[in-house]
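Chemist: Chains A and B, in that order, give the protein sequences.
Using the working numbering, read the first sequence as starting at 1 and increasing by one per residue.
Using the working numbering, read the second sequence as starting at 1001 and increasing by one per residue.
Be aware that one or more of the hints could be misleading.
[Said to hold, decoys possible] Here are the simulated SDA-like pairs of lysine to any residue, each with C-alpha atoms no more than 25 Å apart in a straight line:
no.	chain 1	residue 1	chain 2	residue 2
1	B	Lys-1002	A	Lys-32
2	B	Lys-1005	A	Trp-28
3	A	Lys-32	A	Pro-62
4	B	Lys-1136	A	Leu-17
5	B	Lys-1002	A	Pro-214
6	B	Lys-1075	A	Pro-21
7	B	Lys-1136	A	Gly-42
8	B	Lys-1002	B	Leu-1082
9	B	Lys-1005	A	Leu-17
10	A	Lys-32	B	Gly-1145
11	B	Lys-1075	A	Gly-42
12	B	Lys-1002	A	Gly-213
13	B	Lys-1136	B	Lys-1069
14	B	Lys-1075	A	Gln-201
15	B	Lys-1005	A	Glu-202
16	B	Lys-1002	B	His-1113
17	B	Lys-1005	A	Gln-201
18	B	Lys-1075	A	Glu-202
[Claimed, not checked] Chain A is nowhere near these chain B residues, computed Cβ spacing over 12 Å in every case:
no.	residue
19	Arg-1012
20	Asn-1027
21	Leu-1050
22	Gly-1072
23	Thr-1096
24	Asn-1098
25	Arg-1104
26	Asp-1107
27	Leu-1114
28	Arg-1126
29	Ile-1155
Source of the hints: derived by calculation from the structure; they are not laboratory data.
C-beta: ideal position from N, C-alpha, C; glycine also.
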Amino acid sequence: MTLLTALARLLIFPGLLFAVPAAWFFLWVERKSVALMQERVGPPFMQPFFDFVKLLGKSTPPRSGIAGLLMRAWPLIAVSAAAGAVGLLPVLPSSGGFEGDLILLLALLELPSICIIAAGFSSRSIFGEIGSAREAALSVSYNIVFLLAIVSIAASQHTFRLDALASAPSTPLHWLGILAILVCLPAKLHINPFSLPNAEQEIYAGPMTEYAGPELAMWELSHGLEWVAGTGLVATLVAPHVSSVWLAAMIFVAISFAVVLLLSALAAATARLAIDTTVRFYWQCTLIFAVLAVSSALFMRFRS
Amino acid sequence: MKLWKRLMCTARRRSPWLFHMNSGSCNGCDIEIVAALSPRYDAEQLGVRLEGSPRHADILCVTGPVTRKAVGAVKTVYDQVLGPKAVIAIGSCPATTNVFIDSRTLDGPLDKHLPVDVFVPGCPPRPDAIIAGVAKAAEILAERGNNPPQTNVAIAAAEEVQQ
């Protein structure tokens, strides 16, 4: 039974069967809301799906040797890590099957961006290398804040277990941590104002410059799945604890959608920041805020 | 299998990604390509995306009369676009070399070097003509699939979309 539940969570909800259409839907919402804010009509509803199918039907350039093998492998690793992260989210109240903890979830959430860094460098394109260097600098800056936010939430609840964290009563500290995660999400998803790594037109397509056809389709999918995982993480932390499975799923989808709308509006309203401004923003402003959250969490824990 | 082919055909028609290549243009046509993506014309309704890398593109939009210096670059970029692909010659310059005809610095027109699928005439063409040209190229791409380019070409004019 536990194996069945685990498989159902990984393959159906919130796993692949839900996550892939949700990824396409969120990509569409992102493009559509940018279009609406620019007074355009924007892409049709099925656009990300058609893009994906079309890319699957395109040919790829011949790649040889270890570098070629790696270039084919990175997008697949990124997609499976992002899909695994979505499958781990404690959406449904009845826990069972495989129970991963927060640390595994964080590792899976981090893998796609490591894959992007490696992909840019293994493509040997100058634009890919610039993009990867930027992604690495960005990753080092926002991840400290992101991890501190997660640690502060975990420390305030005395646990790293996902389902316990999701059903924990909300405290002011909990909300402070969620706010810190929200600040990091635009950088994690490479959207404006932190769209440096894949800066469109500026450095062609960043780490993705040399990718084509099915490989690019996998990158698009992994980006969509990262949207689902990132917004889903916020949704599971924010969502109130309900016993009904259907209600829990609906609340999860609704909160994820709201977070996507918020981030898309931010992306449409801002321009790309330079790398030094971005790094300074994360190190100076948000790091202080995150350190405060962690220290007060630890203080609360020792006092109680 | 047949269903997959039909789906692929629809997807190719509905998702043309462009790469814009300037082969010595005066920048007039380039501005009009950007105008076609602007809020007034909004080519994204057809699924059009202007891509930064030729590797991602399906349709190569060439402007300019193809100068001697640009010939190598045009051929390289055409080879970098992966199949199935189509080429649009935007403006009168790549079609006929326009007012620069007989210039010793030119090695045009474009169809001397690449198989052009759609010509969009005009100096510069209107953005709606460019969008009509992209739509036509996407249809050609969907019908042709992985087969090699044919010799018959299409001409997209603004009147078609203004009706």
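Chemist: The structure should be examined with respect to each hint, and the outcome stated for every one.
Modeler: Tested hints:
1. Straight-line distance between C-alpha atoms of Lys-1002 (chain B) and Lys-32 (chain A) comes to about 31 Å, which puts the hinted pair past the 25 Å bound.
2. Proposed proximity of Lys-1005 (chain B) and Trp-28 (chain A) is supported: the alpha carbons are some 24 Å apart, at most 25 Å.
3. Straight-line distance between C-alpha atoms of Lys-32 (chain A) and Pro-62 (chain A) comes to about 35 Å, which puts the hinted pair past the 25 Å bound.
4. As the CA atoms of Lys-1136 (chain B) and Leu-17 (chain A) are separated by approximately 35 Å, the hinted pair breaks the 25 Å bound.
5. Proposed proximity of Lys-1002 (chain B) and Pro-214 (chain A) is supported: the alpha carbons are some 20 Å apart, at most 25 Å.
6. Note on Lys-1075 (chain B) and Pro-21 (chain A): the hinted pairing is violated, with a Cα-Cα distance of about 39 Å set against a maximum of 25 Å.
7. Simply put, Lys-1136 (chain B) and Gly-42 (chain A) have alpha-carbon atoms about 20 Å apart, close enough for the 25 Å limit, and the pair holds.
8. Taken as a hint, the Lys-1002 (chain B) and Leu-1082 (chain B) pair is honoured in the structure, with Cα atoms around 24 Å apart against an allowance of 25 Å.
9. A hinted pair counts as satisfied when its Cα atoms are at most 25 Å apart, and Lys-1005 (chain B) with Leu-17 (chain A) qualifies at roughly 23 Å.
10. Of the supplied pair hints, the one linking Lys-32 (chain A) and Gly-1145 (chain B) is violated, its CA atoms being roughly 29 Å apart against a limit of 25 Å.
11. Distance hint between Lys-1075 (chain B) and Gly-42 (chain A) is unfulfilled; the C-alpha atoms sit about 33 Å from each other, more than 25 Å.
12. A distance of roughly 21 Å separates the Cα atoms of Lys-1002 (chain B) and Gly-213 (chain A); the hinted pair therefore holds under the 25 Å criterion.
13. In summary, the hint linking Lys-1136 (chain B) to Lys-1069 (chain B) is not supported, as the alpha carbons are separated by about 30 Å, beyond the 25 Å threshold.
14. Distance check on the hinted pair: Lys-1075 (chain B) and Gln-201 (chain A) sit about 21 Å apart at the alpha-carbon level, within 25 Å; holds.
15. Between Lys-1005 (chain B) and Glu-202 (chain A) the alpha-carbon distance is near 36 Å, which puts this suggested pair outside the 25 Å criterion.
16. Note on Lys-1002 (chain B) and His-1113 (chain B): the hinted pairing is violated, with a Cα-Cα distance of about 35 Å set against a maximum of 25 Å.
17. Of the supplied pair hints, the one linking Lys-1005 (chain B) and Gln-201 (chain A) is violated, its CA atoms being roughly 33 Å apart against a limit of 25 Å.
18. Between Lys-1075 (chain B) and Glu-202 (chain A) the CA atoms are separated by roughly 23 Å; this keeps the pair inside 25 Å, and the hint holds.
19. A cut-off of 12 Å between C-beta atoms contradicts the statement that Arg-1012 (chain B) is not in contact with chain A; the least separation is 5 Å.
20. Separation of Asn-1027 (chain B) from chain A is adequate, the least Cβ-Cβ distance of about 16 Å exceeding the 12 Å criterion.
21. A Cβ of chain A approaches the Cβ of Leu-1050 (chain B) within 12 Å, the least distance being about 8 Å, so the stated non-interface status is violated.
22. At roughly 19 Å from the closest C-beta of chain A, the C-beta of Gly-1072 (chain B) stays outside 12 Å, upholding its exclusion from the interface.
23. The claim that Thr-1096 (chain B) lies off the interface holds: its Cβ sits roughly 30 Å from the closest Cβ of chain A, which is beyond the 12 Å cut-off.
24. The claim that Asn-1098 (chain B) is not at the interface with chain A holds, since no C-beta of that chain comes within 12 Å of its own (minimum 27 Å).
25. With 12 Å as the threshold on Cβ separation, the claim that Arg-1104 (chain B) sits away from chain A holds: the shortest Cβ distance comes to roughly 33 Å.
26. Listed as a non-interface residue, Asp-1107 (chain B) keeps its Cβ farther than 12 Å from every Cβ of chain A; the least gap is roughly 26 Å.
27. Listed as outside the interface, Leu-1114 (chain B) is consistent with that label: its C-beta sits roughly 18 Å from the nearest C-beta of chain A, beyond the 12 Å cut-off.
28. Against chain A, the non-interface label of Arg-1126 (chain B) holds: every CB pair exceeds 12 Å, the least being about 18 Å.
29. Interface exclusion of Ile-1155 (chain B) from chain A stands, the closest Cβ pair being 25 Å apart, more than 12 Å.
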